[in-house]
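Undergrad: Here is how the chains run, residue by residue.
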Amino acid sequence: MTTAEKYVTAAYCAVFAIVLVYVVLIALKLHRLEREVGELERRRSAEPAVEDERETAGVG
Amino acid sequence: MNVVGRSYRIPLPALAAASLVLVTTALAMAFYVVPNDADQGFSQRVFYFHVPIAFTAYACFAGGAWKAFRHLWKRDPNADLESYVAVHQGLIFGSLVLITGSIWAKISWGHWWLWSEDQLVLFLVLFLFYSAYFMLRFSVDPGPQRANLSAVYALFGVVLIPVSFLAIRIAKHFIHPIVFTSNVSSNLPGWMLVTYCVAQVALLVLAYTLYRVELSGKWLDARIRELRTA
Amino acid sequence: MNYVADVRALARKDLLLELRARDTLPAMLLFVVATFVVFHFSLPSGSSKLAASGLLWVAIVFTALLGLGRAFVPEREQHVLDGLVLAPCDRSAIWLAKGIATFAFLAAAEIVALPVFALFFHGIGVATVAAVVLADVGICSVGTFLGAMAVATRARDLLLPLLFLPLAIPIVVGGVGASVVSAPGRYLAFLALYDLLFGVLCWATFEYVVAEAQ
Numbered sequence: 481m482t483t484a485e486k487y488v489t490a491a492y493c494a495v496f497a498i499v500l501v502y503v504v505l506i507a508l509k510l511h512r513l514e515r516e517v518g519e520l521e522r523r524r525s526a527e528p529a530v531e532d533e534r535e536t537a538g539v540g
Numbered sequence: 253m254n255v256v257g258r259s260y261r262i263p264l265p266a267l268a269a270a271s272l273v274l275v276t277t278a279l280a281m282a283f284y285v286v287p288n289d290a291d292q293g294f295s296q297r298v299f300y301f302h303v304p305i306a307f308t309a310y311a312c313f314a315g316g317a318w319k320a321f322r323h324l325w326k327r328d329p330n331a332d333l334e335s336y337v338a339v340h341q342g343l344i345f346g347s348l349v350l351i352t353g354s355i356w357a358k359i360s361w362g363h364w365w366l367w368s369e370d371q372l373v374l375f376l377v378l379f380l381f382y383s384a385y386f387m388l389r390f391s392v393d394p395g396p397q398r399a400n401l402s403a404v405y406a407l408f409g410v411v412l413i414p415v416s417f418l419a420i421r422i423a424k425h426f427i428h429p430i431v432f433t434s435n436v437s438s439n440l441p442g443w444m445l446v447t448y449c450v451a452q453v454a455l456l457v458l459a460y461t462l463y464r465v466e467l468s469g470k471w472l473d474a475r476i477r478e479l480r481t482a
Numbered sequence: 040m041n042y043v044a045d046v047r048a049l050a051r052k053d054l055l056l057e058l059r060a061r062d063t064l065p066a067m068l069l070f071v072v073a074t075f076v077v078f079h080f081s082l083p084s085g086s087s088k089l090a091a092s093g094l095l096w097v098a099i100v101f102t103a104l105l106g107l108g109r110a111f112v113p114e115r116e117q118h119v120l121d122g123l124v125l126a127p128c129d130r131s132a133i134w135l136a137k138g139i140a141t142f143a144f145l146a147a148a149e150i151v152a153l154p155v156f157a158l159f160f161h162g163i164g165v166a167t168v169a170a171v172v173l174a175d176v177g178i179c180s181v182g183t184f185l186g187a188m189a190v191a192t193r194a195r196d197l198l199l200p201l202l203f204l205p206l207a208i209p210i211v212v213g214g215v216g217a218s219v220v221s222a223p224g225r226y227l228a229f230l231a232l233y234d235l236l237f238g239v240l241c242w243a244t245f246e247y248v249v250a251e252a253q
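Protein chains in written order, with our numbering: chain A, 481 to 540; chain B, 253 to 482; chain C, 40 to 253.
Treat the hints as calculated values from the structure; they're not laboratory data.
Note that this is a predicted model, so its numbers are computed, not measured.
We put the CB at the ideal spot given by N, CA and C, even for glycine.
Keep in mind that a hint or two might mislead.
To be verified - Where chain C lies over chain B, by a calculated footprint (3+ residues, C-beta under 8 Å):
no., region
1, 279 to 285
2, 367 to 381
3, 399 to 413
4, 419 to 426
What the hints assert, rightly or not - Calculated from the model, a selection of chain A residues having no Cβ within reach of chain B, i.e. all distances over 10 Å:
no., residue
5, Thr-483
6, Ala-484
7, Ala-526
8, Arg-534
9, Thr-536
10, Ala-537
11, Gly-538
12, Val-539
Kindly generate the complete structure, drawing on both the sequences and the hints.
TA: See the structure below:
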C-alpha cells in the first residue's frame, strides 16, 4: 500500500472504531437503564397494595 | 406472564468493549499486517470480512432456529423474542454479505452481480426468505400464535439453507457451464489464517453484542410498559 | 388406523367440495394455458428449446400458487378450522388431507397442461413427468403448510407468494434440471430429498400453526 492508501484506510478504520465506541456507550446506557428498571420493579412489588379510597357501605 | 427477560453472565458494556477491540484489531490486521495476496492483489482483503460475515449470518439464523425450537418444544417464555432478534441480526449480516460480495464481484470480475458465486446466490435466497419472516411476523397480532408461526418459519429456514445450497450447486450444471475459480483458497498461510480467525471471532462477538443490545432495548420497553400499566 | 380414516375423511371433503363448486380447477386450467400463451409471446425468436422448458416450471409453480391461495379460504371463512382443531384428531392430519386434495387438483391441471405444453412448444420426456410428480409432492406439502400460516395473518393472499417462492426455488432447480439435462437422476433424487425433508418438517410442526393459544 502506498502512504496515501495507508492514511485513507486508517481514516476508514477510525470511523468504524468511532461507531463501535458509540455501541459501547449505548451498551453502558442500557446497562444503567436495566439496573434502574429492576430497582423500580423491586420497589413496586415491595410496596403494600394501595388501599381502595372508597368507603365501605353497609348493604341491606 | 413474567416479562423480566433473561439474566446474562457477561455484562453488556464488557461485550461491547470486547467487540470494539476485536473488530478494530481485525481491521488493522487485515489492512496493515497481512501481505497482499499473490493472485488477487489488494481486493482479496475483503474476504477477511466477507466470509466471516457470512458465517456469522449462518450462526445468527441457526441461533434463531434454536430459540424457535426452544419456544415450540420447551415453552421457554423468552425464546420467541430471542429468536426474532437473532433472525433480525442474521438478516442484517446477510445484507452485508450481499453488499461486500457484490463489491468484490465488481472489483474482480467487473460485474456487480455474479450468478456463478454460490454463496452470493444462497444469501439472495435467504434474504428473500428471512425478509418474508418479517412480513409474516408483522401481519399477525402479538400473541402466542404470532410466536408459533414465527418459530415454525425460522425452523424452515435452517432446513432451507443446506437444501438451497445443494440446489444452487446442482443448478450450475445447466445454468453456467463455465466454472469461475473459487474465491477463498482453502489453506491460508501464516498471518492470513490468524487474521481470518481474528476477524471471525470479532464479527461473532459483534453480532452477539448487537443481539444483546437489541434484546435489552426490547425487554426494557416491555418492562417499562408493564410498570406503567401495573 | 384412526389417523388414516381422519385423513381420508378430510381429503374426501375437499374433493367433494371442489367437485360441486367447480371453481378452483377450471381457473387453474385456464390460468396455465393462458400462461403458456404469454410465454410464447415473451420468448423472442431464437430462444432455445431449453428456455421453454424452464418456463414450464414457472407456470407450474404459479398455477400451484393460484390453487394454494384458495386452499384454506373456506376453512377460514366458515370457521371450520376451529372445529377441526377441536376435534380429537392429530392436527397434522388436517395438513396431510389438504395436501392430498391440493395434489389432486394440481395433478388434474397438469394432466391437461403438459399435453398443451407439448403442443405449443416441444415434447415432454419421462424424466419431466417424473419430476413433475415429485415436484408436486413438494409444492403441495410446503404450499399447504404455508397456506395455513398465511390464512392466520392479516395479509393472507399477499403473504402466501412471498412465503412460498423462496422455498420453491429448490423445486424449480430440481424440475428444470430433470427436464433439461441428459442424466436427470441427480435432480430427481434431489427432488425426492426435498420432499422428504420438508414433508417431515411440515408434518411435525403443523400443529403449532393451527394451535390458537398455548
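Undergrad: For every hint, state whether the structure bears it out.
TA: Hint-by-hint comparison with the structure:
Counting residues of the region 279 to 285 of chain B whose C-beta lies closer than 8 Å to any C-beta of chain C gives 0; at least three are required, and the coverage claim is violated. Evaluation of the coverage hint for the region 367 to 381 of chain B: fulfilled, as 4 residues show C-beta separations to chain C shorter than 8 Å, against a requirement of three. With 9 residues carrying a beta carbon less than 8 Å from a beta carbon of chain C, the region 399 to 413 of chain B meets the three-residue requirement, and the given coverage holds. Using a Cβ-Cβ cut-off of 8 Å, 6 residues of the region 419 to 426 of chain B lie near chain C, which meets the minimum of three, so the contact claim holds.
Every beta carbon of chain B lies more than 10 Å from that of Thr-483 (chain A), the smallest distance being close to 12 Å; the non-interface claim holds. Against the 10 Å criterion, Ala-484 (chain A) stays outside the reach of chain B, whose nearest CB is about 13 Å from its own CB. With 10 Å as the threshold on Cβ separation, the claim that Ala-526 (chain A) sits away from chain B holds: the shortest Cβ distance comes to roughly 13 Å. Consistency note on Arg-534 (chain A): stated as away from chain B, and its beta-carbon is indeed over 10 Å from all of that chain's, at 20 Å minimum.
Against chain B, the non-interface label of Thr-536 (chain A) holds: every CB pair exceeds 10 Å, the least being about 25 Å. In this structure Ala-537 (chain A) is separated from chain B by more than 10 Å, as the shortest Cβ-Cβ distance comes to about 28 Å. Listed as outside the interface, Gly-538 (chain A) is consistent with that label: its C-beta sits roughly 32 Å from the nearest C-beta of chain B, beyond the 10 Å cut-off. Every C-beta of chain B lies more than 10 Å from that of Val-539 (chain A), the closest at about 30 Å, which supports listing it as non-interface.
Checked against the numbered hints above, the structure violates only hint 1.
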